[in-house]
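Trainee: Each chain, letter by letter, is given below.
Protein chains: 2
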Amino acid sequence: MAITNKIENFHMEVNQAFLDKAQALAPSLITTEIRPAGAVKIVSCGQDYAAQETGQGFAQSQPLGRGDSLCLDFGDHRVGYVSFNLTSVGSPPDAPACLRLRFGEIPYELTVGLSDYRGEISSSWIQEELIHVDILPAQIRLPRRYAFRYLELVVIDTSPKYQVVVGDVVCTAVTSADRAAVPALNLGDPELLALDRVSLKTMEDCMQSVFEDGPKRDRRLWLGDLRLQAQTNYVTFRNNDLVKRCLYLFAGLTQNEGRVGACLFMEPRPQVDDTALFDYALFFVSCLHDYYAATGDRETLAELFPTAERQLELALRELDGRGIVTDRDTWWCFLDWGEGLNKQAGAQAILIYTLKQGTAMAEWLGKADRAAALRTAAGQASQAALDCLWDGAQGFFVSGAERQLSWISQVWFALAKVLDPGETVRLLQRVMAQKPGIPLVTPYAYHHLIEALMENGLREQAVAAMKGYWGEMIREGADTFWELFDTNDRYASPYGCRAVNSFCHAWSSTPAYFIRTYLNP
Amino acid sequence: MAITNKIENFHMEVNQAFLDKAQALAPSLITTEIRPAGAVKIVSCGQDYAAQETGQGFAQSQPLGRGDSLCLDFGDHRVGYVSFNLTSVGSPPDAPACLRLRFGEIPYELTVGLSDYRGEISSSWIQEELIHVDILPAQIRLPRRYAFRYLELVVIDTSPKYQVVVGDVVCTAVTSADRAAVPALNLGDPELLALDRVSLKTMEDCMQSVFEDGPKRDRRLWLGDLRLQAQTNYVTFRNNDLVKRCLYLFAGLTQNEGRVGACLFMEPRPQVDDTALFDYALFFVSCLHDYYAATGDRETLAELFPTAERQLELALRELDGRGIVTDRDTWWCFLDWGEGLNKQAGAQAILIYTLKQGTAMAEWLGKADRAAALRTAAGQASQAALDCLWDGAQGFFVSGAERQLSWISQVWFALAKVLDPGETVRLLQRVMAQKPGIPLVTPYAYHHLIEALMENGLREQAVAAMKGYWGEMIREGADTFWELFDTNDRYASPYGCRAVNSFCHAWSSTPAYFIRTYLNP
Numbered sequence: 273m274a275i276t277n278k279i280e281n282f283h284m285e286v287n288q289a290f291l292d293k294a295q296a297l298a299p300s301l302i303t304t305e306i307r308p309a310g311a312v313k314i315v316s317c318g319q320d321y322a323a324q325e326t327g328q329g330f331a332q333s334q335p336l337g338r339g340d341s342l343c344l345d346f347g348d349h350r351v352g353y354v355s356f357n358l359t360s361v362g363s364p365p366d367a368p369a370c371l372r373l374r375f376g377e378i379p380y381e382l383t384v385g386l387s388d389y390r391g392e393i394s395s396s397w398i399q400e401e402l403i404h405v406d407i408l409p410a411q412i413r414l415p416r417r418y419a420f421r422y423l424e425l426v427v428i429d430t431s432p433k434y435q436v437v438v439g440d441v442v443c444t445a446v447t448s449a450d451r452a453a454v455p456a457l458n459l460g461d462p463e464l465l466a467l468d469r470v471s472l473k474t475m476e477d478c479m480q481s482v483f484e485d486g487p488k489r490d491r492r493l494w495l496g497d498l499r500l501q502a503q504t505n506y507v508t509f510r511n512n513d514l515v516k517r518c519l520y521l522f523a524g525l526t527q528n529e530g531r532v533g534a535c536l537f538m539e540p541r542p543q544v545d546d547t548a549l550f551d552y553a554l555f556f557v558s559c560l561h562d563y564y565a566a567t568g569d570r571e572t573l574a575e576l577f578p579t580a581e582r583q584l585e586l587a588l589r590e591l592d593g594r595g596i597v598t599d600r601d602t603w604w605c606f607l608d609w610g611e612g613l614n615k616q617a618g619a620q621a622i623l624i625y626t627l628k629q630g631t632a633m634a635e636w637l638g639k640a641d642r643a644a645a646l647r648t649a650a651g652q653a654s655q656a657a658l659d660c661l662w663d664g665a666q667g668f669f670v671s672g673a674e675r676q677l678s679w680i681s682q683v684w685f686a687l688a689k690v691l692d693p694g695e696t697v698r699l700l701q702r703v704m705a706q707k708p709g710i711p712l713v714t715p716y717a718y719h720h721l722i723e724a725l726m727e728n729g730l731r732e733q734a735v736a737a738m739k740g741y742w743g744e745m746i747r748e749g750a751d752t753f754w755e756l757f758d759t760n761d762r763y764a765s766p767y768g769c770r771a772v773n774s775f776c777h778a779w780s781s782t783p784a785y786f787i788r789t790y791l792n793p
Numbered sequence: 273m274a275i276t277n278k279i280e281n282f283h284m285e286v287n288q289a290f291l292d293k294a295q296a297l298a299p300s301l302i303t304t305e306i307r308p309a310g311a312v313k314i315v316s317c318g319q320d321y322a323a324q325e326t327g328q329g330f331a332q333s334q335p336l337g338r339g340d341s342l343c344l345d346f347g348d349h350r351v352g353y354v355s356f357n358l359t360s361v362g363s364p365p366d367a368p369a370c371l372r373l374r375f376g377e378i379p380y381e382l383t384v385g386l387s388d389y390r391g392e393i394s395s396s397w398i399q400e401e402l403i404h405v406d407i408l409p410a411q412i413r414l415p416r417r418y419a420f421r422y423l424e425l426v427v428i429d430t431s432p433k434y435q436v437v438v439g440d441v442v443c444t445a446v447t448s449a450d451r452a453a454v455p456a457l458n459l460g461d462p463e464l465l466a467l468d469r470v471s472l473k474t475m476e477d478c479m480q481s482v483f484e485d486g487p488k489r490d491r492r493l494w495l496g497d498l499r500l501q502a503q504t505n506y507v508t509f510r511n512n513d514l515v516k517r518c519l520y521l522f523a524g525l526t527q528n529e530g531r532v533g534a535c536l537f538m539e540p541r542p543q544v545d546d547t548a549l550f551d552y553a554l555f556f557v558s559c560l561h562d563y564y565a566a567t568g569d570r571e572t573l574a575e576l577f578p579t580a581e582r583q584l585e586l587a588l589r590e591l592d593g594r595g596i597v598t599d600r601d602t603w604w605c606f607l608d609w610g611e612g613l614n615k616q617a618g619a620q621a622i623l624i625y626t627l628k629q630g631t632a633m634a635e636w637l638g639k640a641d642r643a644a645a646l647r648t649a650a651g652q653a654s655q656a657a658l659d660c661l662w663d664g665a666q667g668f669f670v671s672g673a674e675r676q677l678s679w680i681s682q683v684w685f686a687l688a689k690v691l692d693p694g695e696t697v698r699l700l701q702r703v704m705a706q707k708p709g710i711p712l713v714t715p716y717a718y719h720h721l722i723e724a725l726m727e728n729g730l731r732e733q734a735v736a737a738m739k740g741y742w743g744e745m746i747r748e749g750a751d752t753f754w755e756l757f758d759t760n761d762r763y764a765s766p767y768g769c770r771a772v773n774s775f776c777h778a779w780s781s782t783p784a785y786f787i788r789t790y791l792n793p
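In order, the protein sequences belong to chains H and P.
For what it's worth, the working numbering labels the leading residue of the first sequence as 273, then goes sequentially.
For what it's worth, the working numbering labels the leading residue of the second sequence as 273, then goes sequentially.
Keep in mind that the hints are not guaranteed to be accurate.
As the list makes no split between identical chains, a pair holds if one copy fits it or if it spans any two.
To be verified - Capping the alpha-carbon separation at 20 angstroms, the derived lysine to aspartate or glutamate pairs in DMTMM-like fashion look like this:
| no. | residue 1 | residue 2 |
| --- | --- | --- |
| 1 | K433 | E280 |
| 2 | K433 | E392 |
| 3 | K433 | E539 |
| 4 | K739 | D761 |
| 5 | K516 | E581 |
| 6 | K628 | E585 |
| 7 | K278 | D601 |
Derived by calculation from the structure, the hints in this document are not laboratory data.
Given the sequences, and given the hints that come with them, work out the whole structure.
Mentor: Laid out in structure tokens, this is it:
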């Protein structure tokens with residue numbers, strides 16, 4: 273995520289008991305020492321760059337002097353801390369060694385330096401360091417965590433009297449995901465197996481102290497991402513305590529009026545960001561609903577249900593006289609990164625979707641009055657949507673004053689089950705056939721399409737779409753699934769520079785969820 | 273120093289007992305916390321740059337975002353470690369903060385970045401750092417030692433949602449020089465007092481674990497510099513153990529055949545460099561001679577005399593059939609940085625100068641045979657010089673096959689007392705009047721001119737030359753005396769870029785020696 277809003281007169285409300293519960297669930301990180309698979313050369317390749325194997329493994333570099341460089345391939349996407357030895361050959365070092373290090377999840381990132389960057393979001397996301405080593409030999413331990421597969425090391429200078437040798441390069445990879453907990457698959461389809469494998473790697477690298485959205489950027493706990501990570505987690509790494517921890521964090525650190533924030537920071541202390549998103553706040557309801565469905569943890573459900581209910585109350589306050597969520601000019605609801613996308617219809621559908629989940633939770637808790645009230649609200653919101661947003665002539669839901677057509681509006685109304693099942697199937701078939709208006713652009717939005725297709729028995733289309741979209745990322749060389757993938761514009765970035773796109777992004781890891789939920793025999 | 277040579281088949285010979293003695297004398301460093309005097313603005317000023325006061329003290333910065341910068345003036349030259357606090361204002365930091373720091377002994381250095389540098393010696397001497405701060409607020413402690421007066425901090429990026437504030441900036445200055453040990457001066461001349469003050473500051477900043485040549489560059493123990501530092505030390509900081517330590521280090525870590533190296537490194541372990549210089553090796557003799565004359569430490573004299581004698585033996589091996597030091601095309605003897613300077617005559621004079629000091633030490637130790645042998649060698653070398661290098665028609669010593677004229681040849685023959693006293697005075701007067709051949713370029717060479725003038729009763733000319741040369745550095749804004757100062761070319765650098773010149777250099781700190789030895793009543 274990157275575009276942001278800021279709620280007015282923001283303050284954080286802390287529920288210390290919830291926060292304490294969350295902190296007690298902090299996971300131990302599993303560390304693995306990984307050495308480079310070999311040295312590579314980054315070469316231009318059409319519009320992109322590729323890492324060309326040099327045919328050598330890597331134990332230590334040749335002696336390197338001013339301007340020499342070395343590019344290492346760690347064999348797969350890695351999240352962790354890097355250390356190496358730097359020794360000298362020649363005369364005793366009579367000047368410091370100065371090195372530039374650049375880390376890339378993909379080869380292209382190694383070609384974009386901090387000083388070349390012209391993107392819109394912070395250049396501080398470029399994983400580039402400049403280090404001086406005054407005393408050689410030295411054991412260098414870089415203090416920051418990086419997300420990368422490739423490491424380029426350029427010797428800015430040594431001196432004419434000595435050169436440096438780089439050796440013993442190690443990435444201490446970190447994750448809270450335990451591979452041993454992942455159930456085996458009973459599938460033969462190599463495409464699906466590949467999708468599952470890359471999903472797991474993506475999940476693994478995003479599972480840290482919390483579920484991060486991306487280990488390179490933003491390295492943060494976003495509610496929208498958490499919802500999909502949690503769903504995938506239940507059928508893969510099954511670290512349910514990590515989901516529970518995140519739920520307690522969101523409930524323990526709210527914004528004004530008990531609103532659940534769009535994201536949390538964990539350092540230097542846990543705190544909620546001042547960004548509020550209509551859909552993300554409601555996804556607290558979904559996360560809690562899904563958590564209970566997966567775990568049966570009634571105590572947590574009971575303790576956190578009031579927080580969930582509060583999000584529904586706050587959302588219902590946003591309805592206009594017609595019962596439709598009030599549209600806004602600001603970045604108030606996420607849905608997807610589609611250019612010019614109007615959020616009103618999607619927001620309405622998500623409100624209905626989560627009112628229904630709230631109803632279910634109230635029923636599970638035996639709160640009949642609350643269940644009835646929420647069911648009524650869901651019914652009214654659905655009817656308002658049918659009255660005001662459904663365009664019968666076109667056979668699509670429209671959004672905003674300009675009655676915008678978009679895929680995501682249809683997808684969310686399908687998920688919210690506002691039409692009857694047969695109508696929903698036909699709606700989805702029309703979407704696939706007619707491609708109405710603004711397309712889906714993120715894997716996050718594609719997830720919801722696949723989910724709608726799967727839920728409505730359109731399994732064949734779902735699998736085809738999944739293989740077409742995520743499968744294409746793998747064919748493009750993805751080690752982990754990307755934050756952004758536009759099949760019509762492979763090099764797109766909403767940030768003005770692809771180098772700061774996240775190439776390991778939690779919201780893209782859901783093929784494993786679909787495969788294990790709907791396709792594993 | 274920067275141009276280097278490398279002796280063939282170099283190996284280090286270690287005298288562990290000497291090394292142990294040296295290490296037992298390692299000084300404690302005195303630390304002082306220094307805060308910035310204020311914020312300044314670096315402005316173009318003719319061919320140079322100046323630090324313009326902003327009229328504000330400095331407690332903390334304004335909030336700084338992408339591209340904003342801050343320049344702090346620490347009020348005087350500093351050698352030490354820098355720490356500061358970085359806090360954020362605005363929303364919780366949603367991206368790392370990335371800062372570029374640049375340290376300068378003079379304002380000009382802040383205008384030369386690592387990527388702009390086109391000098392010949394290593395760009396790693398440019399005091400520039402790039403840091404990423406992932407978690408705010410942060411207490412930043414830079415691990416490297418810097419030599420500087422000015423610190424420029426540029427915010428490469430934060431994010432649109434927050435800015436950083438820089439506060440609590442502290443330089444923990446380090447030195448092994450104790451100001452309390454410096455005798456008071458009984459002088460009224462403000463020019464001389466200023467020369468003494470700047471000399472002391474230069475000495476102080478170069479006195480660390482050993483006598484360094486320059487705390488910015490090379491941060492190393494060079495014998496040529498040590499000789500002048502020691503002489504100045506005896507009449508200022510009087511840290512005689514630090515001289516003793518350096519003598520034992522040079523004697524304990526020699527090159528092939530017991531040759532004393534031109535310089536030593538202290539980290540990661542004490543070691544001698546592979547650079548050999550004819551004059552510098554002989555200055556071990558001078559340093560020991562001067563140390564005994566200043567301290568009367570007979571035990572050290574006796575223990576290290578063999579090392580001194582060995583340097584004389586090795587030097588005498590270099591005499592040709594005429595008894596003249598063999599000239600070479602390589603960088604084999606230092607003397608000065610003069611363009612095209614031939615070293616033969618200066619080397620011959622230094623050999624005579626040190627043979628005489630060797631003779632004196634042999635006498636002090638009651639080694640009559642050795643004294644006689646050294647006296648004879650000195651006499652023969654002097655006669656050879658008069659026969660082969662003295663040009664009676666011109667009234668100057670000439671150097672090399674092309675009979676080159678230079679100031680430094682005359683200066684060193686004056687110091688070696690090869691002519692009788694009256695002739696030496698007239699030689700020096702001719703030098704000052706006729707300015708023969710290659711001029712002096714470094715303060716190190718000027719030192720030897722002043723010393724020759726002082727020793728030969730030409731005090732008035734000595735003081736005028738000192739006030740003209742070092743005084744001009746002060747008028748140019750020097751806080752500490754510079755490694756290089758060419759009155760005909762203020763912006764000269766032998767390194768292709770003035771930013772890597774050292775602006776606090778030990779060999780330039782001798783006005784205090786002259787003032788306290790020859791001028792203090």
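Trainee: Please sort K433 with E539 into within, between, both or neither, judging by C-alpha distance up to 20 angstroms.
Mentor: between (44 angstroms within a copy, 17 angstroms between copies)
Trainee: For the identical chains here, do K516 and E581 meet the 20 angstroms Cα criterion within one copy, between copies, both, or neither?
Mentor: Only inside one copy: K516 and E581 sit 17 angstroms apart there, 79 angstroms across copies, limit 20 angstroms.
Trainee: For the identical chains here, do K278 and D601 meet the 20 angstroms Cα criterion within one copy, between copies, both, or neither?
Mentor: within (14 angstroms within a copy, 71 angstroms between copies)
Trainee: What label fits K433 with E280 when the C-alpha limit is 20 angstroms: within, between, both, or neither?
Mentor: Result: close only across copies, 14 angstroms inter versus 60 angstroms intra.
Trainee: Is it within, between, both, or neither for K739 and D761, if the alpha carbons may be no more than 20 angstroms apart?
Mentor: Within one copy, since 18 angstroms is at most 20 angstroms while 71 angstroms is not.
Trainee: Give the relationship of K433 and E392 under a CA distance limit of 20 angstroms: within one copy only, between copies only, both, or neither.
Mentor: Close across copies (13 angstroms), not inside one copy (43 angstroms); limit 20 angstroms.
Trainee: At 20 angstroms max between alpha carbons, let me know whether K628 reaches E585 within a copy, between copies, both or neither.
Mentor: Within. Shortest intra-copy distance 13 angstroms satisfies the 20 angstroms Cα cut-off; inter-copy 99 angstroms does not.
Checked against the numbered hints above, the structure violates none of them.
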